[in-house]
Each structure stands twice: as C-alpha cells, then as structure tokens.
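J.: Here are the chains, one letter per residue:
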Amino acid sequence: MSLYENLSIEDQKAFVVDIGAAYVKCGLAGENGPTCIIPSLSKNSRTGQVVKIWDYKNTEELYEYLKDLLYTLLFRHLLLTPRDKRVVVIESILCPSDFRDTLARVLYKHFEVGCVLFAPSHLLSLLTLGTNIGLVIDVGYQETLVIPIYEGIHILKGLQSIPLAGKAIESRIKSQLMEHGTVCTADKQHQAVASIPDIVTDELLEDIKIRCCFVTEYTRGQQIQDVTMRGGHANKLPPPPPDTDYPLDGSSVLNVSGRIREHSCEVLFELDSEEASIATIVLDALVKCPIDTRIALASNILVMGGTAMMPGFYHRLQLELSNLLKKPKYAQQLGIKGFRFHKAPAKENYTAWLGGALIGALETLASKSLSRDVYLQKGKLPDWCCIDSEFLEEKKG
Amino acid sequence: MATFMSIDLIKYLCNCGKKCPICRMYLCKHCLKLRCIDCVQHEVDSPYCPSCLESMPVSEAKLKKNRCINCFDCPLCGHTLMTRATSQVSPNPDDPSKAVTRKMYYMACGFCRWSTRDVNLPDQNVATGNWPVMENPNAKRISNLLENYKLIAQVEKAERERKKYVKRRSHLYLQEKYNMSPAIVKRKGMASFSSLSLKEGDKTPDDLDQSETVSSFDPLPTEFFTKPAALDKITKLTHRFMLPEFQPDETSKLHPVRKHLLMRKSLRCSECEHNLSKADFNPNSIKFKIQLTALHWIPEVRIMTPSTFNLNKETVVTLTLSNPSVFNTTVTLSQIENETDTDYCTAKVELPKKEIVLASRDEASMHVYEESTATHDFKDDPKLIAFRKGNKVGFIVKVTPVVKDSDVKICFLLKHEFRNTTVAALQSESKEPEIVWLEHKVYLCLGTV
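Quick note, the sequences are listed as chains A and B, same order.
Quick note: the first sequence uses our numbering, first residue 1, plus one each step.
Quick note: the second sequence uses our numbering, first residue 1001, plus one each step.
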C-alpha cells in the first residue's frame, strides 16, 4: 500500500498546522476547513499528567510535548506519514524563538518532513480576503494582537498587543464566581462557590464563557463601567439579564448570575491602568502607521480569533471604535471618518488556518519554505527579527 | 504480567541513548540494534473504519477525508449511531385510493437518544449512503481565491524559470534591483508572500471579486437581555469542533458526524529502513506480518522478589532471566565500569562471574505444570543459580547500597548470544544460524534503602 503512496499526486498535499494558545487547528492544504480542532494539550510522559503545551519549563519538555501533539495530529486525525511531506506552520509574529526552534527540531529531525513554511498568521488571514492591505485584529486566547499590513508588508511600528482575550474573560468569570457565585445542592441551598473552589475548573469556565456570556451593547457597557470602574452608585447599573441555572452534575446546580453573563466580557473594553483596551490599541496602531496608509487600513479591518465569535462582539467593537474616534486624543491625530470591516470566508477561529491552506496548495510552496537539507546544514530557522537570516535567500539565488 | 505492569523498574539502554522498558522496544535484525519508539519511523499502513471494519488504501481514505461513508457518530456524545427502520404510509401515485407502505430509515443514538429527527433531517429511503453532506457556504469563494492564487503562483514560477535560463545583462539587473525598495529586500523573511498580492499588474486574472466590507453590525438579539441562557439549545465547544468546518452553535443545527477512520501503523528502522512491525492488512486479524519486538529476541531481566535494603550492607537479590529464543542461549553479565551517574547507579553490585546458560523456550512444555523439569543437564553452581524452570533462570546478585536516601539502582552489561535467523535464511549455504554476541546495558531500580 505505502509503496504507491508517494507516487500519486494527491499525496503531495501539504499539511497545515496552527498551534494556538488554547486550540490547535490542523488540516490538509487546499481544503475548505481544518480536519480537526483539538485543545493544545499534551500528556507528560514522565508524570502522566495532561498539560498545556505552552506551559513548558524548558525546551526539552516542550520537545516532548510537541512530539506527542504532532503524533496525535498525524496518526489520529490526518492519517498521514510525515516523512518528506510539506508543512505550513502558522505562527504568531511574536512567537517565542525557543518555541519555533523546538517545533522545527521536532518536524525536521523527529518526523523528517521535507520542508516547512513558517508563515505569520496575520498575513495569511489576509489571503482569505484576496487583498493585501488590512488592519488585522487577532483576538485569541492569550492576547489580542493588532498588526497593520500594507501591500503585503507588516508595519511593525504599528504592532500593538494587550493581554486581554479569552483567558481574561475566563479569569473574570472565575473571580466573580468566587465572589458571589452560589451552588444549590439537594440538601443545601445557596452554598457559596468560594467554600468549594474545586468545582471551578478550566473546562467549566470555558463552557460558561461559551454558553452563558455575551458581549453587551455599548450604552449598557458604558453604564456598567461607570459603576464597576469609576465608582458610580450601584443603582445606576442597567437591569441585569436573567440568571441561568447551570447544572454541574445530577444533583447540584450552579447559579450563573446575569451580572456574570453580562459583565465578564467587559474586561475586553474596560480601560486598564494604562488606559488601554482592545479598541484603543486598534486606534493606537493606526496612529503609529504612516499617514497615507491610515484610510486604507481603517477601511480594511479584519477580525479573527475565537474570542471574536462571542455574540455581540462585532457590534460592540465597531461602536467602541467609532466612539473613541470622537475623543480629542484620536480625532486630531487620525483623519479617519469611519471603519469598514471584512468578513473572511471562514469562522474566525480558523481564518489564519484557511490562509495557510490556500498558500499550502500552491506550486510555489516548496520554493518559499525551508527544506530539511538546508535546515540540517544551517541548523537554524530564518527569523524576521534576526539580521543573518539571509541564508534562505542565498540558496534561492 | 510483570513484563507489562511495573515497566519502569527495569530499562534497557536504546541506541539513541534513551532508557526504555524492553516491552516498548524493537530489535532490528539487520543492524542488530535495539530501537526504542522514538527512533523508529512510523508509517500509516491501512486506514479502516472502527465501526464497519472496512479497510481501504491510504489514497482512497484521503479522498474521503478520513471518514467512513456508511458509519456515523452522534454529534452530542460521539457514540456510533444506529440505523432504525420505520414504515411510512403514503398514497400510491398510480391509484390514490390505495396506500403503499414504504420502509424509511433514520438514525438514532443508543446512548443519549439523539436522533436525526431531532434536527428535522428527513428520513431516508435507503438504509445507508444517502445522507446529505453539509456544504460549506464559502466553498465557492474559497475555490475562486485558490484558482486565483494558483494562477499567480504559475506566473511566479514561470518568472523564476525564465530568470534561470536568461542570462542577466548588467543594466537589466540594475533596473530590477532598483525597482525593489530597500525595505522589502531587508524584510524578505516576511515579504516573500507579498508577490502573491492581487495587484501584480495585468498578468493576473481580474475576475476575482474583492471581498466586501461592512461598516456596521446587527446588535444583539433582545433574548440575551430578557431570557436566561438556553443551555439546552446552545452547543458546547467540543460539539462544535466535531464539525470544525461548520461549528454549529445551536443544537438544532447539529448533523450526524461521519465516523473518523483509524489506521494500522507499521514501523521501520530509521537507519536501514527495514520493517520492524507490520500488521496484517485485514483489520479483523490481530496477527502481524512482521513483528520484531525486542521481547521476542532478547533475554528479559526481571526482579524475583522485593527485598529490603540497608545502607552499606550487602543484600542478596534474586533476579530472573528468561530466554525467548528457541535455542539455548549463553549469557554473561559484567559491570559497567564508568557509570558514575547517581541517577542510575546508587549501589555496588556483585554479579555472577560465570556464564549462565539459558534453556531454550519450548512452547509445548510451558503449559505443562510439572515441577520436575529436571530434563536439562546444566551444571549449576547453587551459590549463583537459585532455580531453573523452563526457559527461566533465577540468579543471585549481591547489592550494597552506597547512596543515602535514594532508590537502590544498579546497572550492568548484559551480553548474550543471538542466533540471527534472518541472515541465515539469506545465506542458505550454512545450515546453522550465525551466532552473534549482543550487548545491552540494563538499568534496574530495586527498591528503597
């Protein structure tokens, strides 16, 4: 069977993997959606514990985690022999060097893949639109990263990031549950969650975020922030949405209050101690861009990342941006009237993956990526922040 | 069962420098080296459906996107769906006064009671293979984009080919050089896709529509403020990711999930590329075509009984060696001289100095429960050899722990005869299989001080 495997053209398909902070998106190039989206977890072979792969202590540990993760992807989901295959790795432009290097080591040395293209996620997501100008906002799990891209080039000066995204919402839910959450069991009513903290697991928080919470409307959001952030009187709060009874198991029910449902996502839009929210960094990014690119960028905004799929997110972000624009701080600097948003032909959480799948299906993939021979010869990856990455070019020249 | 239970106690050193339990290792008969799971190549051999056990070649599985056509999983609990048959009465098209009964099929989950009728999927008139396939609403746009990029890539490729053959004249080269802005040249690592832009001049086809932009979005529906979250109607993230392309966010949009295929794996030695393990093609069969697990070829060391240890005091420990081969095998044990790493060696050990001959493994006699297995005629020193039983030998080592407050760990070199039957088969001139001596470093953890 495997004798003929490498002869068919069909098999030249590259596989595309995007290792996100919370979920790994993986699939074959040229397809419309990823084959699988699985949590970024790995089993520590020494202790047998399931760990998040980004919580690594050193590169040896990460090497084992990535080996385990890629093994699962390749042999459980893609059913693909990795040898001499082409790979597209979608990475954040701020991906730590030791993570990239370790991933390259696993791919080239352990799985012996043919060539790997490390591609920045923001640029790839623009490929799904068929444009090369855009202000890309990635609202993922760990952080929100805004990068303006003009004519296919990152404007690195305008790069803005803030650690407010899915994880911040979850920790807000957790702190609110600890503060005033209650659990009803068969024999005890209104037991405080703080007295039984073990029930608040990461899975529970994620599920509450997905199924109960939403991004509220702009005016209500401002009223809430007046009370919670600027010390307004509590009776000015808008009437909260109804509470939800969240069944924990057969006998106990967690009361997810309307406040938790509505207020949790406010963490994204509250101005923190540095007067920054995910909306202000979008404008800050524009301010840092060259003046002649701003209008084009503002009318080509693309939002990606799983947290952007929260109900009401787009509506709120658009209103936040247009209201911030009226503030004197931005009104004078930016000559922008309004914003226009793109909708990628994909769900937000795999937009970058789809871009990778498009570029992976092209004939020119091999010439753009780093082959195993070159990697073994040079022993390192080209990196945009490293001046001596010219060697990739030398080979081509 | 000790071979498979407390596997972390006794480890063999693999050629790659890792220490692994013997049941997780392979012996390559061509390089005669131990291979652990990390230094063999894994290959996808034959994908098959775990439900209907239909197997297919890799290329066919890929066409089906690694999903079985006939079997479905429940989108809620992941259990395999069962096809149910019902009869439906409908008027006869020829004679409206008579009714005909037809068999209709739907699918239901036997575990969580979900059925295709819950999401208003119409019943089918054939039992298998006719269920509707979900269509990605963006499929057309994506294929347009892909077509477009493919054309650009072709142009780019042709350009490169041309450059390869046309000898550059100096002024052309300069012109090209100055057309590129220095910033682009510097940031080549990222700019290498900038040539994929759509505005690449007239060469690219312009029939691709620009992506549309919007300036405002619909506000939240009022239910969010007036009703509690309908937990029974909103799907969990795991349910959404069962269909990653569609990610249904409401239970009414769920769709049966085509069963994901599993595969049989074959292993290859990464040095000589010979197969180490290859399963039978038929997924019903549990046999192997080739199985070179180390357990079948290399004498296995085990600890006979747990003992108690005292610091700097000699303790007698009985270890056993069992011979998997059908020949009598001679084994010698020796110290590893330069093992000073206290992670792996915390005790002094006195090993039997003489050779130990292991009796051959005899499948037939292994199942006879007879104590009087005095058939072998080995002249054993009772101070060294504790007992013999079939292909197993118990021998005595004396262990003196020297490191305080740690596990008692010893290591030694196991050297044994190995009759290479594969090579013998190839060189048919000599009847007797060639005898090779193999050496393995064995690391044991005996207990605590």
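Don't read these hints as lab results, they were simulated from the structure.
Source: prediction; values computed, not measured.
From the three backbone atoms N, C-alpha and C, an ideal C-beta is built for every residue, glycine too.
Any given hint could turn out to be false.
[Claimed, not checked] Each computed PhoX-like pair below joins lysine-lysine, with the alpha-carbon atoms no more than 20 Å apart:
#1 Lys-1313/B x Lys-1253/B
#2 Lys-43/A x Lys-1018/B
#3 Lys-1033/B x Lys-1278/B
#4 Lys-1348/B x Lys-67/A
#5 Lys-1265/B x Lys-67/A
#6 Lys-13/A x Lys-368/A
#7 Lys-1033/B x Lys-13/A
[As the list claims (entries may be wrong)] Footprint (simulated), chain B over chain A, 3 or more residues, beta carbon under 8 Å:
#8 240-249
#9 276-284
J.: Between Lys-1265/B and Lys-67/A, does the CA-CA distance stay at or below 20 Å?
T.: holds (17 Å)
J.: Can you take a look at whether the region 276-284 of chain A is actually covered by chain B? Rule is 3+ residues, C-beta closer than 8 Å.
T.: violated (count 0)
J.: Taking a Cβ-to-Cβ distance below 8 Å as contact, does the region 240-249 of chain A have at least three residues touching chain B?
T.: holds (count 7)
J.: Is the hinted pair Lys-1313/B and Lys-1253/B satisfied, with a Cα-Cα distance of at most 20 Å?
T.: violated (72 Å)
J.: For the pair we were handed, Lys-1033/B and Lys-1278/B, check the Cα-Cα distance against 20 Å.
T.: holds (18 Å)
J.: What's the verdict on Lys-1348/B and Lys-67/A, does the C-alpha distance respect the 20 Å limit or exceed it?
T.: At roughly 37 Å apart (the allowed maximum being 20 Å), Lys-67/A and Lys-1348/B break the hint.
J.: Within a Cα-Cα threshold of 20 Å, do Lys-1033/B and Lys-13/A meet the stated pairing?
T.: Roughly 35 Å separates the two Cα atoms, so the pair is violated.
J.: Next pair to validate is Lys-43/A with Lys-1018/B; report whether the Cα-Cα distance is within 20 Å.
T.: Holds, at about 19 Å.
J.: Given the hinted pair Lys-13/A and Lys-368/A, is their alpha-carbon gap at most 20 Å?
T.: Between Lys-13/A and Lys-368/A the Cα gap is close to 15 Å, so the pair holds against 20 Å.
Consistency note: the structure conflicts with the earlier hints numbered 1, 4, 7, 9.
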